[in-house]
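Sequences and hints are given; from them, build the entire structure.
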Amino acid sequence: MLYVPVTQLDLVSKYVGPREDSGVKLNKLNSTEWQRTRSRVRAAVKDMAKELIALYSKRMHTEGYAFSPDTDWQRDFEERFPYEETDDQLRCIDEIKHDMEMARPMDRLLCGDVGFGKTEVAIRAAFKAVMDGKQVAVLVPTTILSWQHYQTFMQRMDGFPITVELLSRFRTPKQQEEIIRRLKSGEVDIVIGTHRILQKDVEFKDLGLCIIDEEQRFGVAHKERLKELKTSVDVLTLSATPIPRTLNMAMSGIRDMSTIEEAPQDRRPVQTYVMEYDRGVILEAIKKELRRGGQVFYLHNNIESISACAAMLQRDLPDARIAFAHGKMSEEELSEIWRGLIEQETDLLVCTTIIESGVDVPNCNTLIIENADRLGLSQLYQLRGRVGRSNRRAFAYFTFTRGKTISDVAQKRLSAIRDFTQFGSGFKIALRDLEIRGAGNILGANQHGHMESVGYEMYVRLLSEAIAEEKGEAPPQSAEECAVDIALDAHIPEEYIKELNQRIDIYKRIAAIRSQEDAADVIDELIDRFGEPPTAVMGLIKVATLRNMASALGITEIRQNDSALLFFPKELDLERISMATQKLQGRLTVDLMSSRPHLTAALKTGERPIELMKTVLEALRYENE
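The sequence shown: position 434 = 603 (our numbering), numbered continuously.
In case anyone wonders, no lab produced these hints; they're calculated from the structure.
Since we're looking at a predicted model, the values are computed, not measured.
Among the clues, some could well be false.
[Stated by the list, open to error] The calculated lysine to any residue pairs, modelled on SDA-like cross-linking and capped at a C-alpha distance of 25 Å, are:
no.	residue 1	residue 2
1	266	430
2	194	204
3	573	451
4	783	745
So, in structure tokens, the structure goes:
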């Protein structure tokens, strides 16, 4: 067992790696292997920081098109949005518009959990571009999603003189040819489609904005074509992968990012059940949804038996309109099935995981998954995101075969999906997958090996330091260099924060305090979440602040010895110490004869060690300044 002082919990981080079976190598505490590994990763992130900054600098100096400020039509268009925007949506819209109005090409990443309203943000950017006479290309990874986006854009643009077209396999070769001709002549304002848009025969008269949904799902060749586009037009990339706050902070100023972390108003979390498959319960859940005029997704992830499953459900539910869909169907078949679902001609869709990516059917508010134990955590999370996209309560049933013994890993996945139902839970339930996948999407797959060797948190910390160094900024002072051991009631009482994980998180937040501003932010957060902090918690915060001050002064350890405090500096600056001694009227003495030269400050009767520590450090800092 290893004991770590709570004041130094910033030295500890949970290992987050890309794979469950990565076989992480543990290093001995007294070996140098960990230091060598860190050095290798540090060198790699330095190279990466150079590349990122070079790309950013090039983009900053490239001439682009500066879009005009919002028009009356823009304001009228936005007022027609039938829902109330979240504060996050409005902030992201403002950030994107600001970028578009600058005379350099925009390259902004918009991140948000499933169902958080990224599409509406993209639609407003597209409308702004068209108002300036520019064309817009909306690139999506799947044909079904392209058709759905097409329907959404058509509905929102209704009543405005804007031509929207769909370019995918849902269009015949003759129709595609005609759309390409009209794109070249400028008759089409917005085109939505799959990688078909990136083919060489597609030309634009005046492309101004490219919107890319889930860029990481396109192939290498497609990404090369996208790079060409990015040099000359504004680019907005949408991602349903939540970007962790730590990575966002590390990348700030290098890649422009906007994040939507707030769920739409009136949206309710999905009521989630994990259970053995019980046909009676499942049929009743379906009937309940149909009685209230809703629709159902029934996931049967086996193409060979999916038609038989649909037929069985039809026998049990003779009045229900049931269809089935899977990835081996033709585009024409899928198009017709999806049209029927959207237009509420289908009550229940039996399907494979084909619905996982981005489909939006607000009236579908019950999801049933057979053999949920066979699916990955992030997959389950994405699938659950297909329901609960309206103001109605949604239900998800994750089932497994009755009497089946499921593995420990599968049990953990199902427990996680059941326990974390709040919006934005993607951060919690799929920490490893979402964080690593999110990092990989931004940083590139070649960085996974480095992240694996030191863990996600350490990797991001090293990247942040490398970027700061490359930008010519001084790396933040590390308070971990100073160890503090004094008599002080400094802890987080269980009655103040009941959940152990939350307490550990707050311990780490406090230990990572680097300035008075950080301390104020932590106090504000504590008051907001848990109420007024007790004395013991304020003691922790004070120690963290003073540790940082001591570290900046080159002090590596502060220790209490009976009725005195001992300060151990890296180097003795006798002139400065002398002036501090005079200021403290002889309370501070220097021991040069000890094996470790140090300063000694005597405690007065009734004086708290923390107050003396502050007095000495302020005297030393004052003289240092």
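Results of checking the hints against the structure:
no., hint, verdict
1, 266 <-> 430, "holds, 19 Å"
2, 194 <-> 204, "holds, 14 Å"
3, 573 <-> 451, "holds, 18 Å"
4, 783 <-> 745, "holds, 17 Å"
The structure is consistent with each of the numbered hints, conforming to all of them.
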